[in-house]
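We have chain V already, so just place chain G on it with the hints.
Going line by line, the protein sequences match chains V and G.
Sequential numbering of the first sequence, starting at 2, is according to my numbering.
Sequential numbering of the second sequence, starting at 80, is according to my numbering.
There may be inaccurate statements among the hints.
Straight-line alpha carbon distances no greater than 30 angstroms define the calculated DSS-like cross-link-like pairs of lysine-lysine that follow [stated by the list, open to error]:
1) V/K66 / G/K234
2) G/K552 / G/K523
3) G/K361 / V/K15
4) V/K15 / G/K459
5) V/K25 / V/K383
6) G/K500 / G/K280
7) V/K70 / G/K234
8) G/K234 / G/K500
9) G/K552 / V/K25
It is worth saying that the hints were derived from the structure and are not from the lab.
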Amino acid sequence: MTIEIERPSVGLSKVAVSETHCEKSPYFAGWRAYDENPYDELCNPSGVIQMGLAENQVSLDLVEKYLQKPADNGSTTVGFRENALFQDYHGLQAFRKAMASFMEQIRGGRAKFDPDRVVITAGATAANELLTFILADPGDAMLIPTPYYPGFDRDLRWRTGANIVPVHCDSSNDFDITPEALEAAYREAESKNIKVRGMLITNPSNPLGITIKRSTLEDILDFVTRKNIHLVSDEIFSGSAFSSEDFVSVAEIVEARNYEDSERVHIVYSLSKDLGLPGFRVGTIYSYNDKVVTTARRMSSFTLISSQTQHLLALMLSDKSFTENYIKTNRQRLKKRYQKIIDGLKGVGIECLRGNAGLFCWMNLSSLLEKPTKEQELALWKLILHEVKINISPGSSCHCSEPGWFRVCFANMSEQTLEVALRRIHEFMDRRNNVKSFDVYSSDQLFSS
Amino acid sequence: MTGTPRAEPKESNRSPTRTGMRLIVPLQGIVQGRGGLILGSLIPCTLFYFLQFYLKRHRSPPQNPPSRSTSAANLSELQRSSSRANLLARGSTGRAHVSARVSSIAKPNDSPYYIGLDRVREDPYDEMGNPDGVIQLGLSENRLSLDLIEEWLSKNCTDSILGVGGDALGINGIATYQPMDGLMEFKVAMADFMTEVMERKVSFDPSRVVVTSGATPALEILSFCLADHGNAFLVPAPYYPGFDRDIRWRAGVELIPVHCRSCDNFTLSITALEQAFNQARKRGQKVRGILISNPANPVGNMLNKDLLYDLLDFARERNIHIISDEIFAGSTYGNEEFVSMAEIADSEDADKDRVHIIYGLSKDFSIPGFRVGVIYSFNKSVLAASRKLTRFSSVSTATQHLLVSMLSDKRFIQEYLKTNKQRIRSMYDLFVAGLRELGVECTKSSGGLYCWVDLSRLISPYNEKGELDLWDKLLNRAKLNVTPGSACHCIEPGWFRFCFTTLNEKEIPLVMERMRKVVESCKPSV
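Here chain V stands alone, though its shape is the one from the complex (with noise of 0.2 angstroms):
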């Protein structure tokens, strides 16, 4: 009889087996899901309808018709040559004008961008963990008003070693950043010894669905400078404000201040949101401070966007006559889109945060729970997902305080498939009504998965 030696298997670092990719979150596991189960409208009727990814294809019919149309100077062919070769990190000037001019666009113009700014990265994602890993050190901390986009989880602290620490809104004030929610939040961090490096913003928020105040801004402004730590914002919804007067970007800001201090401010940018092309992967940094433009610059090596790409954007986004018809258009839409959203949930009673920006709106279930606890949430969340077969992001997994909320997406599907999930949403709390006025179920079965 042949004994079996077990061989030690070959070690990993601490980076691969750590569970810092959140891939547990139930942000993430409402994913899986819908993949296993996706609702189609004549295949699977039934299947889980997706409205917790945050797509934006009310508008890709006008990017279709720009993509289809014949190129009037080959201009797959022509120019092949360099594309093939060009891999500098400094990336196509053509593109970074053409991004830096679409990001004055979105701003109705009230901001001015310089295109040796702009860093060009592959995607939104790693432009934050890239500035993380340009602003901390292993063990530092980023700020994050709460709730934020469950992403930030993963990417700001994987492999980089950070640490985010939340700054406490809630819905006494419309979940408004305040002053003293950001010096308990320093002060929370400084008493556990940890050095705070700055603050991640995203404005518009994600998942409020609203943008953030002028005053707020100016506030958060002061505060970051104050303690002399740097400020990223976020602004990949930007585009999906649903009227360009309500969107005001720190780069705003930091004009008005005649760029005073501007040395700690960073933008990051994307087209997936606005432009509704996630599959392009591109994502800009925009940052006043030098040192970190060339040294984000250098880094962008590892998430560089292919010069086919870069070449094709720079030809779309400088097309005035196409950019402005989308940005106008896109935002009517958005904003028709909430609009029919919100009413068909107050038609059976569920409120949502007033949203004026972004692809979901920001929904208050808490009425619903026996108890404003985390775990009533995620019991409620498993319902709805298998019950009523939508998949949406409880709150807990954005780090929300209070219990209950939960981000809808209401942009990544056709108008049909909309209705549907409202009809639905309507005979769950139909069910829910009745159910309630007979009080035969006792609550623990309801909430059961």
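Chain G only, in chain V's frame:
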């Protein structure tokens, strides 16, 4: 990789400690006579700190805001956030802290490898426009077969701005989030391409392919997965200068060179590997793997089957990984056959878990701009972790679709690979013959886009300084950008990497003419 366009000013030499010392030392002189050495230091320092403390409390509000500067023209001094620096900071808020990584990454390029690339950017040779410009022989880029790809594109492109693949792509291909580690059809296409490149001696499995935006992030991701910060890889030297960046910058893995010598034709010896491993262990450095490039860069030799088997044994005995960077596998021109580490791993029954391969389209397929790299691993856990990490280094689906169309045209690919190899071979022969006429010899090589040239008898003194003097002469007088061995951590001075695939045949005589002038001007060292 090409470098930055403008010259970057040196960082200021002024440092907080220097100013402080200027105050303390004279004070020490005054007190020392009275209170002895300890008090003589203690009292002035204490007085000094109290002075700073007083000044800090009564400091006026900040003065002029920093003027808006253009990129690279105004590199600010790195502000350390130690208490000492805060005492001496100008203005009540100093600059916000940046991480410790930044100073080494942002500093002006001091490696000849990067300086040379910058010089070419500033003053590139052009037959018509700039005949006295710097000729690029320092970037392993292949321009010999781009026409074949151009031809394919013009025959197969649709009219739309997306070009070929646009229809198959449909808007939804780019409008929705796709798997970050590559579309399935692209992984299949890459696996097939790799199989074809390695002449079907091994069959690559698409489920083991992870797609990244270039080989650079592929290597970084593997480094993050296989080693912790502070661990080390053994690397045969001379090696590609980019490894220092790819592996050390963010993953923080050290590279321990295992020196190869001209007497062995720069072939890796297992004895040297063992020595390096043992020395590392004595130093308390944890070695997690061996990184080989095969065909080797910058030497251009190939590791034969026996050596690869020996390497796997070595790795197995010490329970470490092997990363085989095979990015030049399709760019072979010698009579030797290329053997992939995958072939070795395939033949062993067990123990594949430690084998990982890096590949990409930048060299064999001449499209570095498209940013396509591959991690190919036999280790399920490494694959799982790598896949998740590709979100930071992913390839656009539009690019993937375009390439799927191209790579699936099997006849085109076979034709391309064959013709490309022939052209590399011709250029190599012409180039080496040209150098030989000048009395300059190269190592016998059989792969890669470059040759490893022996200029050791032209340098004086016979050391790194002599080598860099010659490099400088070549760059600034002969206007030839080549890579000196020291930039590649070569232990023997006087060796240079000359890439010849950036040239066309007509340019070889021009290069040789410029070389001749340098060769003649250097007295061979006695």
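Hint-by-hint comparison with the structure:
no. : hint            : in the structure
1   : V/K66 / G/K234  : holds (24 angstroms)
2   : G/K552 / G/K523 : holds (25 angstroms)
3   : G/K361 / V/K15  : holds (23 angstroms)
4   : V/K15 / G/K459  : holds (16 angstroms)
5   : V/K25 / V/K383  : holds (14 angstroms)
6   : G/K500 / G/K280 : holds (18 angstroms)
7   : V/K70 / G/K234  : holds (19 angstroms)
8   : G/K234 / G/K500 : holds (23 angstroms)
9   : G/K552 / V/K25  : violated (59 angstroms)
Of the numbered hints stated above, the single one contradicted by the structure is hint 9.
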